[in-house]
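Asks: The primary structure of each chain is shown beneath.
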Amino acid sequence: MSTQDETDPSIAEIQPDSNIESEFDQVFRILDDDGHLLPGVDPGLSGDKRLAMYEDIKLARHFDQRAISLQRQGRIATYAPMTGQEGSQVATSYALDEQDWLFPTYREHAAKYVHGVDLPSLLTALLGYREGYAVPEGVNVMPEYIPIATQVPHAMGMAWGYTLQGKDDRAVLCHLGDGATSEGDFHEGLNFAGVFDVPSVFVCNNNQWAISVPRERQTASETIAQKAQSYGIEGIRVDGLDPLAVYVVTREAIRKAKNPVDGERRPTLIESVQYRYGAHTTSDDPSVYRDEADADKWRKRDPLKRLENHLYQTGLLDSEREAEIQARIEEQVATAIETAEAVEAAPEQIFEHVYQETPDRLQAQMDELNELRKKYGEGAFSGVLE
Amino acid sequence: MSTDSINDHPSNGEVQQLTLVEAITDGLSTEMNRDESIIVLGEDVGVNGGVFRATDGLYEEFGGDRVVDTPLAESGIVGSAIGLALSGLKPIPEMQFMGFMYPAFDQLVSHAARIRSRSQGQYSCQMVVRAPYGGGIRAPEHHSESKEAFFVHEPGLKVVAPSTPADAKGLLTASIRDPDPVIFLEPKLIYRAFRQDVPTGAYKVPLGSASVRRTGSDVSVYTWGAMTQPALIAADHLSDEKGIETEVIDLRTLSPLDVETIVESFKKTGRAAIVHEAPKTAGLGAEISTIIQEEALVYQEAPIQRITGFDAPMPLHALEGYYLPQAVRIQEGILDAVEF
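Chains P and X are the protein sequences, given in the same order. Taken in order, the first sequence gives residues 1 to 386; the numbers are from my numbering. Taken in order, the second sequence gives residues 1001 to 1340; the numbers are from my numbering.
One chain only, chain P, in its complex shape (with noise of 0.2 Å):
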């Protein structure tokens, strides 16, 4: 998946599109809105991993559709929908080596799987169970971060530490959402970044809205990108709802980290300039606070279909091979929902992994609740006001 058997495109050779709308004024992207080819411009994967990519994104978006379900029918707990922002996230994590890490947020369920994290594991999560939350040994990837841009020290924090450790071989990667550039922690992380020029790539997904607080009410500056200036980091701009320019702009950062040529700064702010087409979370109504016309605008865009197209137009793909891929991902998705619903509550989870030794008190807490499942059975514990 994230082995890397390519070769690295410069950026500097990928001109910006001057006819696009002002939202993608000085925007990195290669596929056209219908999925052409930009002249000029080398997507950087072989046929063979585009194809893959596709794959990968469709997947993204039938789980999407399928969570947004399994939500409303009270099967699993809020939910935050990526659809529209699926193709950046499945388009960063094919710009990673294995032995890169990766940050996600609440939304990056795509950027986790591609970068190794199973999808079973993903929905454990949302029906309520830590379980889910457990990495495969040998995946370089954080448990999701829900508090929003304490993430971004801490990633640079590892980077930071396998520099200081001699360990060049490793970059990390770390997302997060436009409003996160207005918290503190997104200050200090790229300040130290930029001190200590360590080996990190922050992805911004803009995608306009943080909630109902739209972007122009997070930062007055232009871009977000253009804030890596404060902190003497590159910054660039990039089509969110082009993979393959998120790929060729994610690799490119990913390849400076770890080997900057003289004068070059290892660490970059990626803008990812995309759209959340649905809302914040399933508890959220967007219909509150922003025009649906605006949303139809970037669907026009759609990162599944410009790819698609792009995919039919150079031959890689015909609609017998797209059943075939549809009808794999369908049954992907089945199992995965199969298999997590398995998982029985085991109540001795909460007491666990709390430290490494479980101290006495709370075995003592584990036994006492134990006894009263015993005593009233496991009804008693269905509600607190019953």
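Read the hints as simulated data drawn from the structure, not as lab findings. Hints should not be assumed to be uniformly reliable.
Claimed, not checked - Calculated lysine-lysine pairs in the DSS-like style (CA-CA distance at most 25 Å, straight line):
#1 X:K1090 - X:K1267
#2 X:K1267 - X:K1147
#3 X:K1268 - P:K374
#4 P:K258 - P:K227
#5 X:K1242 - P:K374
#6 X:K1090 - P:K375
#7 P:K258 - P:K167
#8 X:K1242 - X:K1268
#9 X:K1242 - X:K1267
#10 P:K375 - X:K1268
#11 P:K49 - P:K375
#12 P:K305 - P:K49
Keeping the supplied structure of chain P fixed, place chain X upon it in accordance with the hints.
Replies: Same frame as chain P, now just chain X:
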């Protein structure tokens, strides 16, 4: 659920049936109409009306200069509110969830709590920091925190946690008019769990005054916020099944504590149980237990029981029913105090 014991504000003139969250909105609107220096600020409080709809309609009623959508930054929201208060306004910053309050912790304990003492009384910081708190609503990680002890521990802050709609409005009004910074904790489990007659217009429920929700002679239970409900359920069960009469004290204000009511009830019963959803160790239960022993040791008939959340992080929603004190756990704790 039991609401029989909720009659603390008998209708005296006009009332309306409101949920706890609606009573908070009503309290904000009533005070904002009365006092033009009040402004509400925070992430999503404006056009969206707050993620729990606690500020619903205020943006339309008072406009974007008094109901302000801010950037997403808790330290910035509370820090700027401190400055607004120093300028003579009365800010009411909203923290979207108590679990997101920690970035603002430095502003609250280093500054809001100390401005009066640091300036030798010359300056004050009159503001109310509102934050939904507690579990039981199947929320994600960090959305179910109950860390009131952090703020009770800080001199200079007042801490309030209502358990009924009428109290919520009256305590909020008192908090807004209080000259010191108040942390106003809203039990989101019961934001919409029941309705109650809430007087229209302005009225205050005084800070620092507990409420006896249920009278009893055998044992005293001390609790607050959302835990008042399961405590009342447990008390009713014990009365029906064993003839044990439990007095349930809803503390309402956690700092300052109503020591007199706490101690008087204990002197009557000689037995006590404290119920809170925060972890047990160094929770507010430890403080209440010590107060009782300091003030009324000679009346004590049995060890004081604490029925609390565990000393473990709040689990994700599938197991939170096991973590939060349930009627059965509360009953057992009360019995341990009674049958000692």
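Asks: The structure should be examined with respect to each hint, and the outcome stated for every one.
Replies: A quick look at each hint next to the structure:
Proximity of X:K1090 to X:K1267 is assessed by CA-CA distance (about 41 Å); at most 25 Å being required, the pair is judged violated. For a cut-off of 25 Å, the pair hint linking X:K1267 to X:K1147 is broken: about 29 Å separates their Cα positions. Straight-line distance between C-alpha atoms of X:K1268 and P:K374 comes to about 34 Å, which puts the hinted pair past the 25 Å bound. With a C-alpha separation of about 22 Å, the suggested pairing of P:K258 with P:K227 holds against the 25 Å cut-off.
For the proposed pair X:K1242 and P:K374, the alpha carbon gap of about 21 Å is at most 25 Å, so the pair holds. With a C-alpha separation of about 52 Å, the suggested pair X:K1090 and P:K375 falls outside the 25 Å cut-off, and the hint is violated. Between P:K258 and P:K167, the direct Cα distance comes to roughly 10 Å. Compliance with the 25 Å bound is thereby established for this hinted pair. Under the criterion of a C-alpha separation no larger than 25 Å, the hint pairing X:K1242 with X:K1268 is consistent with the structure, at around 20 Å.
Distance hint between X:K1242 and X:K1267 is fulfilled; the C-alpha atoms sit about 22 Å from each other, no more than 25 Å. Between P:K375 and X:K1268 the alpha-carbon distance is near 31 Å, which puts this suggested pair outside the 25 Å criterion. Taken as a hint, the P:K49 and P:K375 pair is broken in the structure, with Cα atoms around 57 Å apart against an allowance of 25 Å. Distance check on the hinted pair: P:K305 and P:K49 sit about 17 Å apart at the alpha-carbon level, within 25 Å; holds.
In the structure shown, a violation is registered for the earlier hints numbered 1, 2, 3, 6, 10, 11, in ascending order.
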